[in-house]
Each structure stands twice: as C-alpha cells, then as structure tokens.
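Colleague: So you can see what is in the structure, the chains are spelled out below.
2 protein chains.
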Amino acid sequence: MIKIENVRLYTGQEYFPNGCAVTDGAFVRYAGDSKGCPDAPGARAIDGKGGLMMPGFYNAHCHAAMTLERGVGSDLNLMDWLHQIFPIEDRLNAEHVYNGTRLAILEMLRRGTVAFADMYFFMDEVARAAVETGIRANICRGCTSMEGLDSTRDLYRAHEGAGDGLVKVYAGLHSEYLTTPEVAAYALQVAKELNTGIHVHVSETKSETDGCIERHGVTPVKYFDQIGLFERPTIAAHLVHVTDEDIQILARRGVYMAHNPASNLKLASGVARVSEMLDKGVRVALGTDGPSSNNVLDMLSDMRLASLLQKGVFGDPRLLPARQALTMATRTGAEALGYRDCGLIEAGLRADMILLDGHAENMLPGPDPLADAVYSAQGLNVTLTMVNGRMLYQDGKFLTLDEDEVKRKALESAKALRVL
Amino acid sequence: MIKIENVRLYTGQEYFPNGCAVTDGAFVRYAGDSKGCPDAPGARAIDGKGGLMMPGFYNAHCHAAMTLERGVGSDLNLMDWLHQIFPIEDRLNAEHVYNGTRLAILEMLRRGTVAFADMYFFMDEVARAAVETGIRANICRGCTSMEGLDSTRDLYRAHEGAGDGLVKVYAGLHSEYLTTPEVAAYALQVAKELNTGIHVHVSETKSETDGCIERHGVTPVKYFDQIGLFERPTIAAHLVHVTDEDIQILARRGVYMAHNPASNLKLASGVARVSEMLDKGVRVALGTDGPSSNNVLDMLSDMRLASLLQKGVFGDPRLLPARQALTMATRTGAEALGYRDCGLIEAGLRADMILLDGHAENMLPGPDPLADAVYSAQGLNVTLTMVNGRMLYQDGKFLTLDEDEVKRKALESAKALRVL
Numbered sequence: 028m029i030k031i032e033n034v035r036l037y038t039g040q041e042y043f044p045n046g047c048a049v050t051d052g053a054f055v056r057y058a059g060d061s062k063g064c065p066d067a068p069g070a071r072a073i074d075g076k077g078g079l080m081m082p083g084f085y086n087a088h089c090h091a092a093m094t095l096e097r098g099v100g101s102d103l104n105l106m107d108w109l110h111q112i113f114p115i116e117d118r119l120n121a122e123h124v125y126n127g128t129r130l131a132i133l134e135m136l137r138r139g140t141v142a143f144a145d146m147y148f149f150m151d152e153v154a155r156a157a158v159e160t161g162i163r164a165n166i167c168r169g170c171t172s173m174e175g176l177d178s179t180r181d182l183y184r185a186h187e188g189a190g191d192g193l194v195k196v197y198a199g200l201h202s203e204y205l206t207t208p209e210v211a212a213y214a215l216q217v218a219k220e221l222n223t224g225i226h227v228h229v230s231e232t233k234s235e236t237d238g239c240i241e242r243h244g245v246t247p248v249k250y251f252d253q254i255g256l257f258e259r260p261t262i263a264a265h266l267v268h269v270t271d272e273d274i275q276i277l278a279r280r281g282v283y284m285a286h287n288p289a290s291n292l293k294l295a296s297g298v299a300r301v302s303e304m305l306d307k308g309v310r311v312a313l314g315t316d317g318p319s320s321n322n323v324l325d326m327l328s329d330m331r332l333a334s335l336l337q338k339g340v341f342g343d344p345r346l347l348p349a350r351q352a353l354t355m356a357t358r359t360g361a362e363a364l365g366y367r368d369c370g371l372i373e374a375g376l377r378a379d380m381i382l383l384d385g386h387a388e389n390m391l392p393g394p395d396p397l398a399d400a401v402y403s404a405q406g407l408n409v410t411l412t413m414v415n416g417r418m419l420y421q422d423g424k425f426l427t428l429d430e431d432e433v434k435r436k437a438l439e440s441a442k443a444l445r446v447l
Numbered sequence: 028m029i030k031i032e033n034v035r036l037y038t039g040q041e042y043f044p045n046g047c048a049v050t051d052g053a054f055v056r057y058a059g060d061s062k063g064c065p066d067a068p069g070a071r072a073i074d075g076k077g078g079l080m081m082p083g084f085y086n087a088h089c090h091a092a093m094t095l096e097r098g099v100g101s102d103l104n105l106m107d108w109l110h111q112i113f114p115i116e117d118r119l120n121a122e123h124v125y126n127g128t129r130l131a132i133l134e135m136l137r138r139g140t141v142a143f144a145d146m147y148f149f150m151d152e153v154a155r156a157a158v159e160t161g162i163r164a165n166i167c168r169g170c171t172s173m174e175g176l177d178s179t180r181d182l183y184r185a186h187e188g189a190g191d192g193l194v195k196v197y198a199g200l201h202s203e204y205l206t207t208p209e210v211a212a213y214a215l216q217v218a219k220e221l222n223t224g225i226h227v228h229v230s231e232t233k234s235e236t237d238g239c240i241e242r243h244g245v246t247p248v249k250y251f252d253q254i255g256l257f258e259r260p261t262i263a264a265h266l267v268h269v270t271d272e273d274i275q276i277l278a279r280r281g282v283y284m285a286h287n288p289a290s291n292l293k294l295a296s297g298v299a300r301v302s303e304m305l306d307k308g309v310r311v312a313l314g315t316d317g318p319s320s321n322n323v324l325d326m327l328s329d330m331r332l333a334s335l336l337q338k339g340v341f342g343d344p345r346l347l348p349a350r351q352a353l354t355m356a357t358r359t360g361a362e363a364l365g366y367r368d369c370g371l372i373e374a375g376l377r378a379d380m381i382l383l384d385g386h387a388e389n390m391l392p393g394p395d396p397l398a399d400a401v402y403s404a405q406g407l408n409v410t411l412t413m414v415n416g417r418m419l420y421q422d423g424k425f426l427t428l429d430e431d432e433v434k435r436k437a438l439e440s441a442k443a444l445r446v447l
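Residue numbers (this note's numbering), protein chains in the order written: chain A, 28 to 447; chain B, 28 to 447.
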C-alpha cells in the first residue's frame, strides 16, 4: 500500500484542494479529501508537497522506436522525409526496436505518460520492454497484408494481458492507401476472432483522402465503415480531413480518434476539427505520433498545443477548455486503448497516477490548478509516475530501468542504423 | 575568463561539432573548433559534457509581472478575460511588479532566455530586478497618454544602459486603439528626443484592425507609418492581421515584428503569416507575450510552436525551418531589442550563451542538433544560462537570486492582489 498525502487532487472528475490517495496493490483504494482518508497501517507514505496529483497520460498513437530516427529529415516534404526514413527502417532488427522503445518509454515516463498505443515492427520487443518497465502498451503491427495480420494471432497469444494486464494486442491495419479492401476486411476478421480492437491511420492528409475517393468513391471513414471495421473498438489516428458525414459515422460507431496535433502540423497535414467533433459526440483521445515527426514524446506539451490550436485556428478562446483537454489525454485515452478500469483516480480503478511539481515557478501562483496543468505545466514538471500501483519514476530517478544503459543501447542502435 | 569545452557549438551562423568558447569579461574572446581554442591561463573551465551551446533567447514581447495573474480567466472571451485581469491590475503597486518580474526572470533564466522586452507598469522595478539578477531588459510603459509618455524621460535618465548595458529604455505606446494620433506622434517625438526605439502593439486582432480602418481609414500599420512612427527602431508586437501593403511597409521600414504564437492562439487572435513575411524581408523576432495569455515563459516551446504552425497552417513542411526559427529567437531578437552586439556567439560580441543538455533522452540520438534544438528540446533541458559573460543559472541553481525567496514573495503579492 502507498499513501500519497499533501496533494491537490484532480481525479479526472472532481478536484480536492486538500487531497489524499491510497493505493492497494494495483488499485486505488481511496482518492478524495484528506479528511476522509482511511488509516492505512503499514502503507508507505509519500509527501506530495502540495503538487497536483492527476491521472497519468494515455498516448493514443505512437511509433515509439522511431526515437532512433529522431531528427532525421526535418523540414522536408513528406515524400522526401520518407525517402530518408525508409532505408533506415529497412535495416531495423528486433534489438533496435527493443532499444528504441526503451528510450521512448524512459522519455514518456519522465513526462507522465502511463500507457501508449504503438504501431510498428517487431512488436514482441515492445511488449517485452513494456512488461519489464511496467508501463502499459497497446501494441499492433502496422500491417499492409494478410500475412502480416496473421501474425497478430501469435502476438495476441504471446502477450495479451501480460504484466497483470499491462499489454493489450490490437489488430493493426496501416491505412486505406497501403491496403486493399480484402486486407481491411481480414483485419476485421482477425479482430473479431481475437475479440480485440483495431488500430489504423485514417484521413491524415488531404491527398490520402482525395485518393481514397478516387479509388473507392468514398472517404476513408466511409470506406472503413462500409467494410464494417468500426464494429470493433477502433483507434483511428489523425482524422484531419473529414466530412460532416464522416463525423456522424465516427460518433455513431463510437470510434476513438487519436488526435496528433504536433505531428499534423510538422508534416503539414493540417489541423483536425477536434472541438467540433467532440461537440458532435466523437470520442477524441490524444497522441504524440512517432518521435520522428513530433519530436518529443510529451503529452503535456501536446495537450496544450491541442487546446491552443482549436482556439486560435477556429477563432474562439472558449474552445477545448482545460477540463476537456485533460479528459482527452487521460480518461478517453484509457478507453481508446482498451484499459476500461483506468484513466480516473477512483477507488476500485487501477492506480495510474502522476504528480506535477506544485512549487515549479511556472505553476505559481496557482489560482486554477487545472488551467495550470494544461496551459502552464511542462513534461519535465512531472515528479512522480505510477502505473498499476507501482512507482516507475520519482524525482528524476527511474525505478524499473537503468537510464544510462537505456541511452547507451539506443545510441548503439542508432549507429548500427547509420542514423549517426 | 571562462572556458567552456566539450560542446557542440552553434554560433548562430556556423556549427562546430567539437566546439569551445572562451569569454573575457562580458565578451566572447573565442568561439569555434576546439583545436583553435586559445590558451586561457587562469580561466575557469567548464565541461559542457557534449551539450549544445548556442546563443540565448531574446524574448521580444512580454509583460513579465503578469506571472502574478497566471491562470486567471482561462478559456474566456477576450473581454471576459480582461474584466478579470483589470481589477487585479488596478491593485498593482511597485512591490508587486518587482516580485512578479523576479518570478518571470527566474522562469526565463531557467529556460535559456537572456533578455526580454517588457511593457508594463512601475518599470523602475523591472529595471531594478533586471540589474540585480543580471538579465537584459528592454523596458517601456504601455502608455496611452502624453503624461505617460513624459515619464519615459525619467525612466530613460534613471536606467538607460544600467548594469553595463543590460537595461534599455524604449518609448512604449500601447496601441492604436487605446491612443489618439496626437499621443502616437508624441511617442515618436519622445523616442527621437531620447534617440531610442518604440515598442507598440499592432494588429493583434481582427476587430482592432477593422476598427482602425473605421476610425482612420487605414490599417494600423499604415496609420503608424503615416505618423512616422517607424522612423525610429520599432518593436511591433503581434501583426497577425496585415495586408500585403502592410508587409511591404514593414519590410521597407525595417520594423521588428514580435511574433507571439502561443498568445495569439490562446486568445484566438489567429496565426500570423510569419514565413511569408520573412520571405518578403520583414524582420521577425519571437516573443512569449505575458504569462497570463501563454502561460509559461519558454522561448524553446514557442520557437517550436512558431515553426510547427507555419508548416501546418500554411500547408508546407518546409516553412520556417530550424535555422530560420533559431535566428528569429536569437539574433533577430537581439537586434529588435537594440542589443546590437548580442545574439551571436562570436569573438568581440557580448557573451549571452546557453547550454542544452546533450544527454537528455529527447535530444538523442542527435543526427541534426539544430533540428533537435527547435523540434525536440524543451526549456527545462537548459543547463546553463550566461548573460554578458556572467553565469546566472547552472544545473538547477540560480547564481544571482534566491529561488525560494523569489517564489515566496511572488505568492505574497498574488495574495495581496487577491489572485489567490
């Protein structure tokens, strides 16, 4: 048991200026006002020093091992960038993915991320890195063929539920533009068979969306809906170029949108109509996308960006206010990734919590802690990250990985890939 | 003398993978490859540990003491927000401004800012705080009357050049919409008389710009040009809503634009046409604006935002590439604030330099350090901030101010202002 006292607590629904949280194993036993805090004999006590305790972040779309390619091909057109990335990825092996993912996990844990949805290669290695370090990972391969999708069965058998439920395995479909209707239908079949979800890129760029209309006569959203894909729980990454009808479909089908504001700007894909989509009932989660198009895996930074963008680009400072942005990055993200008992600090749910330094100058004076969490806080203000009741990061120290070793191995892999 | 070895050095023009810099008093004596580094007997040696040494940031538009109002009135329309801010500002006294400014300086130094252009009230206190802590400050009152502008003379006499040139005093004109043509002309007269520059808000919002056209028949840029304002060196903050003719005027007159991307989004003012304006010869510097509309004084964060916004909103990933963004935040900023011998790390110029942690996970693997500085680096990756040859911040410690005292005093002032 762990008892964290002397915090301002935001449970994801309620705010307690004098808060306290008690965990019991992987679960929250109590979260609320310090006056009602139960005795917890033998519990390890942690002084929160007036910091803001809140749910950790669920990164809804990532290609984590692309940390190894961070900084490659900046300021280029998409195709020119990909022509730099593809030869590097062609050299990738399992060890590289393990090393790159561990660097990403280190980066995410330090910045308060407790879970990530990952689409990449050699996904056994991602599962291994997640279980070893204690972070949640929803994994899939970004498949472009039936053979690729077939491997989802092995992945599922080997890792689904591993680490007391840390790992989830989804069927990964790269996108409409790199697959055929048969492959998309097969992704649905595999997801049904395994009773799991689907992770797919949808309507990231205008040319992709226009191309789908040319190829299939309908938008990517409608195309996937006609195939029946959204019958399964779906993470649809990007959704920048959508029609009003697309929005209706997404809302009706309960699709989880992974909004990636930084990546969408950097690759000049555009700005998604997030606030409008939320109003119309679409479930919007937040993602960083891979670190080679972002380039830092910091959900606090991207939560702020998401809110500022809606206000500035759609012309109303009231859009995507602090609480809505927080929900996007926490509870909705947990749901999107399939962690139904996560994303709120509430008795009986999993203990995935973080603490923001209440004495950091950028958090002062602090009349509105939730606004501060969205508009002022920075990833490096996180002082504690707990996943599934386990302390993974505290005050600059990682408790389940060796920081120096992780960095050294990542550099070795970057050299082997000729990034350096 | 200080000798900083074992750095990757970006001077603002050239990059040296094995760099070294030597200071002599307030100036850079050598900056370049470590092989050519002169002997510096008696110099204090600092191991840069492979970090990226680069020019510090010049924040071209701020209202620093608004740290005290951080978090007030989030997610509101401009007028509703101002109705929360104005009663607080009405209670402001000199001590509050001193305390709020010191909190801002602490926040900026930790994040690599070496200078800021400040427009607020009780500016003697800002000068005092700057000289005491060793940061550069270009100060002005945001005047709305001739009487206000008259006080510029006293301010100039008392503080211009203070602290070995740290402080500069400009004539501050709030804006077109809060002044008359007579007041604007008087700002020009005062600036001429003192042989100094002017700092003014211009075309921040569409309604301001439309209003000026209604009132005076011309855009704010043309209005000020007709008054002759731009004959003096001018910092024009915002310039979000400009015409093609405005851009020509700004370029021809050598006006320094202070681009404030975060504030312009948060208040839903819009996105300035920065990349196009740079192409057409406008000198664009970068500002944070005040911390009550941003809400963190972090030039690295806003430099990244500026670049991402141009790419994403104007639809081309090649816009505002890394080097151009760096120049905006450093050398052009130094020029905008009137520090002509600052903004590059070059022998004979002032030593305003920072160091970014080369071992931070978000800076790895590091194939393109300048891209990393713009897209990956975060304010809290700064490990050293030097202004005018003097170490002000190193490895989490402030050398010229007492962090705990600054925070305590700021909280006292926030309470007195009834923010808390």
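Fair warning: there could be bad hints in the mix.
A pair holds if it fits inside one copy or across any two, identical chains being indistinguishable in the list.
[What the hints assert, rightly or not] Capping the alpha-carbon separation at 35 angstroms, the derived lysine-lysine pairs in DSBU-like fashion look like this: (1) Lys233 to Lys307; (2) Lys62 to Lys434; (3) Lys30 to Lys249; (4) Lys233 to Lys249; (5) Lys442 to Lys76; (6) Lys219 to Lys434.
If you're looking for bench data, these hints aren't it; they were derived computationally from the structure.
Colleague: All hints are to be evaluated individually against the structure, with a verdict given for each.
Modeller: Evaluation of the provided hints:
no.: 1; hint: Lys233 to Lys307; in the structure: both (22 angstroms within a copy, 28 angstroms between copies)
no.: 2; hint: Lys62 to Lys434; in the structure: between (43 angstroms within a copy, 28 angstroms between copies)
no.: 3; hint: Lys30 to Lys249; in the structure: neither (49 angstroms within a copy, 63 angstroms between copies)
no.: 4; hint: Lys233 to Lys249; in the structure: within (15 angstroms within a copy, 37 angstroms between copies)
no.: 5; hint: Lys442 to Lys76; in the structure: between (42 angstroms within a copy, 20 angstroms between copies)
no.: 6; hint: Lys219 to Lys434; in the structure: neither (39 angstroms within a copy, 56 angstroms between copies)
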